[in-house]
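Participant: In case you want the letters, here they are:
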Amino acid sequence: MEIYALLGFVLILSIYLGLELISKVPSTLHTPLMSGANAISGIALVGALVLSTDSNLQSAIAFLAVLFASINVFGGYLVTNRMLKMFKKK
Amino acid sequence: MSIFEDITAIQNIIYIVASILFISGIKMLGKEDTAVKGNFLSAFAMFIAVLATIIFIVDPVILLGGILLGAIIGSTIALKVKMTSIPEMVALFNGFGGLATFLIAWSEYNSIPDNYFQYLLVMVTIYIGGVTFTGSLIAYGKLSEKLKVAKTSIVTKIFTTIFYGSILFLIFSILLPFMPAIGFNFFTVLLAITLLGGIGFVLPIGGGDMPVVISLLNSFSGIAAAFAGLLLLNNVLIVAGSLVGASGLILTVIMAKAMNRSINNILFVGYASASKGSSSEEQGEVSPINVADAFLILESASSVLIIPGYGMAVAQAQHVVRELGELLEENGTEVKYGIHPVAGRMPGHMNVLLAEANVPYDVLAEPDDVNPIMDSVDVAVVIGANDVVNPSATEEPGSPIYGMPIIEVHNAKTVFVLKRSMSSGFAGVQNPLFFKQNTRMLFGDAKESIGGLVSEFKD
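Protein sequences, first through last, are from chains A and B. Note that the numbering used here gives residue 83 to position 83 of the first sequence, counting from 1, and the numbers run on in steps of one. Note that the numbering used here gives residue 438 to position 438 of the second sequence, counting from 1, and the numbers run on in steps of one.
It should be emphasised that the hints constitute simulated quantities derived from the structure, not laboratory data. A portion of the hints provided could be inaccurate.
[Unchecked claim] In silico DSS-like pairs for lysine-lysine, Cα to Cα no more than 27 Å straight-line: (1) B/LYS82 x B/LYS37; (2) B/LYS82 x B/LYS148; (3) A/LYS88 x B/LYS82; (4) B/LYS413 x B/LYS336; (5) A/LYS24 x B/LYS31; (6) B/LYS27 x A/LYS88; (7) B/LYS257 x A/LYS24; (8) B/LYS447 x A/LYS85; (9) B/LYS447 x A/LYS88; (10) B/LYS436 x A/LYS89; (11) A/LYS85 x B/LYS458; (12) A/LYS85 x B/LYS80; (13) A/LYS88 x B/LYS31; (14) B/LYS80 x A/LYS88; (15) A/LYS85 x B/LYS37; (16) B/LYS413 x B/LYS436; (17) B/LYS82 x B/LYS157; (18) B/LYS37 x A/LYS89; (19) A/LYS89 x B/LYS82; (20) A/LYS24 x A/LYS89; (21) B/LYS458 x B/LYS336; (22) B/LYS148 x B/LYS447; (23) A/LYS24 x B/LYS157; (24) B/LYS413 x B/LYS458; (25) B/LYS27 x A/LYS24; (26) A/LYS89 x B/LYS27; (27) A/LYS85 x B/LYS27; (28) A/LYS88 x B/LYS336; (29) B/LYS458 x B/LYS146; (30) B/LYS31 x B/LYS257; (31) B/LYS157 x B/LYS146; (32) B/LYS157 x A/LYS89; (33) A/LYS88 x B/LYS458; (34) B/LYS37 x A/LYS88; (35) B/LYS37 x B/LYS27; (36) A/LYS24 x B/LYS37; (37) A/LYS24 x A/LYS88; (38) B/LYS436 x B/LYS336.
So here's chain A without its partners, still in its complex pose (with noise of 0.2 Å):
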């Protein structure tokens, strides 16, 4: 159980940075962020890559879980990416 108290004070610390690294941030990022911070999330794919294959459902469910975190990062990222080119100051 240890790993769990050490892994849990990870998530608690990294909650909280997140909170004041972002805390201001100007109303044009709104989206770009949201958009930026959904393609971070498709950081599932780490997790789906080390899943077991060792049966067919297995195999099926790891297959699926890389293929629609593996659309969330690559068209998360470039669709923030889109959008951050066009933001232009005067």
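Position chain B relative to chain A; hints supplied.
Facilitator: Same frame as chain A, now just chain B:
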């Protein structure tokens, strides 16, 4: 030390580097000057984290195939989609992230959890991931206007009931190991009711409240990823997921504050029906205006404030609006845009639309910046916005939207309201702005009206 242990150590070092890059990336994403770099940095972090994971990959052919296929699908959608469809695309991608965590937790359940804590994590991750998935799909349907279900319809009520049922079933599933054995496969039921519950979570929430829901679902997908990280004992998943959870939470709070409503009220109550107070009955008459007269007033104005709303998005009027703004500036008029945080259907919706039309972001002002100088504004042009400029929010304590911070256009010298008809806004509240002495209504399609003004300027 064996080679195996060496590789694990290297992998963990790369995960730590990736976590630091994610943290810097999301920090830079919150500032205009560094946002593009921040996005690149976080993409690079993702790249090295995935690369470090592939070393241990169990079944390279299937899983690398999955990445390749996902890359093709994701990139195609991202590059082909029109910028005006961004809100629903973000919702869709978000849903896919949720689905991935849902599947991860499912797979871990099949691998049989070692202890109760793992079992608990599996249940919670399945629930959050599943609700994020179907909830985002419903948000996608609503934002793209493919899905139209009334809040009062029987379908909505059935799904809302299933949503509450799904919460109870989750609690039941969590407590199951402490109860005597049951005779049915509860896990399959949990998978199904979670997905249906997600539908019921978003279905009753109205269009104008979408910015809050989208931010919240965004937060959920991060939290689900962080829980999946706990489940798989993977620190980069925990760090990255938590950052997303936090940023989504911040946006949710900003949106709820901009509406002066609690998150609970938005999700589970919705707007009360329009107030039947006496003051909202005595409205008087509206003063319409035509394009030619509006042009004359604008031509002699020295400062103009444009307030766009969802109506501008619907009419796709952002390009003609930009053109009008440029013509006004050539004419010596100072032009600014007043952007309310919840105008539109997602956080920052108006900013994205105007950026797409090449309006520079430094002429976009927030309510706090424009309200104090409102009485020096000659003409405030309201384009398809309603609730965010409704003076009831400051003047009428009985109104459902009382207390909501608005852009106080009624204090400007003249107000033009571009609107299709006299229908009320999303909140269902009549808008006294339309009946004020200094307000002129320019009825019709926003794109056509603005286009008319543009051609008057060009003649």
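Participant: Check the hint pairing B/LYS447 with A/LYS85 against an upper bound of 27 Å on the C-alpha distance.
Facilitator: holds, 25 Å
Participant: Check whether the Cα positions of B/LYS27 and A/LYS88 lie no farther apart than 27 Å.
Facilitator: The given pair, whose Cα atoms are some 20 Å apart, holds under the 27 Å limit.
Participant: Is it true that the CA of A/LYS85 sits at most 27 Å from the CA of B/LYS80?
Facilitator: holds, 16 Å
Participant: Under the criterion that the straight-line Cα-Cα distance not exceed 27 Å, is the pair B/LYS27, A/LYS24 satisfied?
Facilitator: holds, 10 Å
Participant: Taken at face value, is the distance from the CA of A/LYS88 to the CA of A/LYS24 at most 27 Å?
Facilitator: holds, 20 Å
Participant: Given the hint that B/LYS82 pairs with B/LYS37, test it: the Cα-Cα distance must not exceed 27 Å.
Facilitator: holds, 23 Å
Participant: Take the C-alpha atoms of B/LYS436 and A/LYS89, compute the straight-line distance between them, and say whether it is at most 27 Å.
Facilitator: It is violated: about 36 Å lies between the C-alpha atoms, which goes past 27 Å.
Participant: Is the Cα-Cα distance between A/LYS24 and B/LYS157 27 Å or less?
Facilitator: violated, 38 Å
Participant: Is the Cα-Cα distance between B/LYS82 and B/LYS148 27 Å or less?
Facilitator: holds, 22 Å
Participant: Tell me if the straight-line CA distance from B/LYS37 to A/LYS88 falls inside 27 Å.
Facilitator: holds, 15 Å
Participant: Holds or violated: A/LYS24 and B/LYS31, Cα atoms, limit 27 Å.
Facilitator: holds, 9 Å
Participant: Within a Cα-Cα threshold of 27 Å, do B/LYS257 and A/LYS24 meet the stated pairing?
Facilitator: holds, 14 Å
Of the numbered hints stated above, those contradicted by the structure are hints 10, 11, 17, 23, 29, 32, listed in ascending order.
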